[in-house]
Amino acid sequence: LACLGVATSLTAQHMYALPSYVYIAKDFTTQAALYTHHQYIAGFLMVGAFAHGAIFFVRDYDPETNKDNVLARMLEHKEAIISHLSWVSLFLGFHTLGLYVHNDTVVAFGQPEKQILIEPLFAQWIQAASGKVLYGFNVLLSSADSPATLAGTKVWLPGWSEAINNNSNSLFLTIGPGDFLVHHAIALGLHTTTLILVKGALDARGSKLMPDKKDFGYSFPCDGPGRGGTCDISAWDAFYLAMFWMLNTIGWVTFY
Numbered sequence: 015l016a017c018l019g020v021a022t023s024l025t026a027q028h029m030y031a032l033p034s035y036v037y038i039a040k041d042f043t044t045q046a047a048l049y050t051h052h053q054y055i056a057g058f059l060m061v062g063a064f065a066h067g068a069i070f071f072v073r074d075y076d077p078e079t080n081k082d083n084v085l086a087r088m089l090e091h092k093e094a095i096i097s098h099l100s101w102v103s104l105f106l107g108f109h110t111l112g113l114y115v116h117n118d119t120v121v122a123f124g125q126p127e128k129q130i131l132i133e134p135l136f137a138q139w140i141q142a143a144s145g146k147v148l149y150g151f152n153v154l155l156s157s158a159d160s161p162a163t164l165a166g167t168k169v170w171l172p173g174w175s176e177a178i179n180n181n182s183n184s185l186f187l188t189i190g191p192g193d194f195l196v197h198h199a200i201a202l203g204l205h206t207t208t209l210i211l212v213k214g215a216l217d218a219r220g221s222k223l224m225p226d227k228k229d230f231g232y233s234f235p236c237d238g239p240g241r242g243g244t245c246d247i248s249a250w251d252a253f254y255l256a257m258f259w260m261l262n263t264i265g266w267v268t269f270y
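Using my numbering, the letters of the sequence shown map in sequence onto residues 15 to 270.
It is possible that some hints are incorrect.
What the hints assert, rightly or not - Under the rule of at most 30 Å between Cα atoms (straight-line distance), these lysine-lysine pairs were calculated in the DSS-like manner:
| # | residue 1 | residue 2 |
| --- | --- | --- |
| 1 | Lys92 | Lys81 |
| 2 | Lys128 | Lys40 |
| 3 | Lys222 | Lys40 |
| 4 | Lys81 | Lys222 |
| 5 | Lys228 | Lys81 |
| 6 | Lys222 | Lys92 |
Keep in mind the hints are simulated off the structure, nothing from the lab.
Using the sequences provided together with the hints, build the complete structure.
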């Protein structure tokens, strides 16, 4: 499920990054529809992989058979895995939202010059290395006197440099601070979805609050009214919550 999910997501990306037949690059509706279709299917497959991982841990995992193997080691240091994912998600969320709210507020109060605008330097450098001269990096293919650029005029497709630097087409769209914010908002969505799924699967057999969780199965509402802190913490509940994050994140990506 995990491998198929990655392959399906890659297929979605390639609908525009590597157009599969000659006219699709000009047919934006088809491109967007095929991207959206494959990306949502990929989301379901990836979330499903974690759901079935959790089911395996509850129903089929045998501590004796798996002594000292990769599964046992994952469970032994699950706190480190979960806490790292947690602080990454919190860092991404608060910084991205903080920047966005700050910029939104100063613009609303008529002081756009007070925005905190961070250029995506690394991504711009990658575009420059592939021939986009606008950013002024003067590196690799965007450098007029690099061997690759000089060879390119004779060896490669004629007009490749003009195509990359032409602002009226969709090859190498110019990116700026807005893309930087969106990139990190999407990273927040991806990391939070992953955090919920990984925690749900690694805690499926038991957690600090409920060490005997595995005895209740993959899905349970809680251990009666008398035991606090056991409601909505089954592996199924993590899967259910992650579904919302997955669908929402792909929504952001699609509209971006």
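Right, here's what the structure says about each hint:
1. Lys92 with Lys81: Roughly 16 Å separates the two Cα atoms, so the pair holds.
2. Lys128 with Lys40: At roughly 39 Å apart (the allowed maximum being 30 Å), Lys40 and Lys128 break the hint.
3. Lys222 with Lys40: Measuring from Cα to Cα gives roughly 55 Å; hence the hint is violated.
4. Lys81 with Lys222: holds (21 Å)
5. Lys228 with Lys81: OK: Lys228 and Lys81 at ~18 Å, within 30 Å.
6. Lys222 with Lys92: holds (12 Å)
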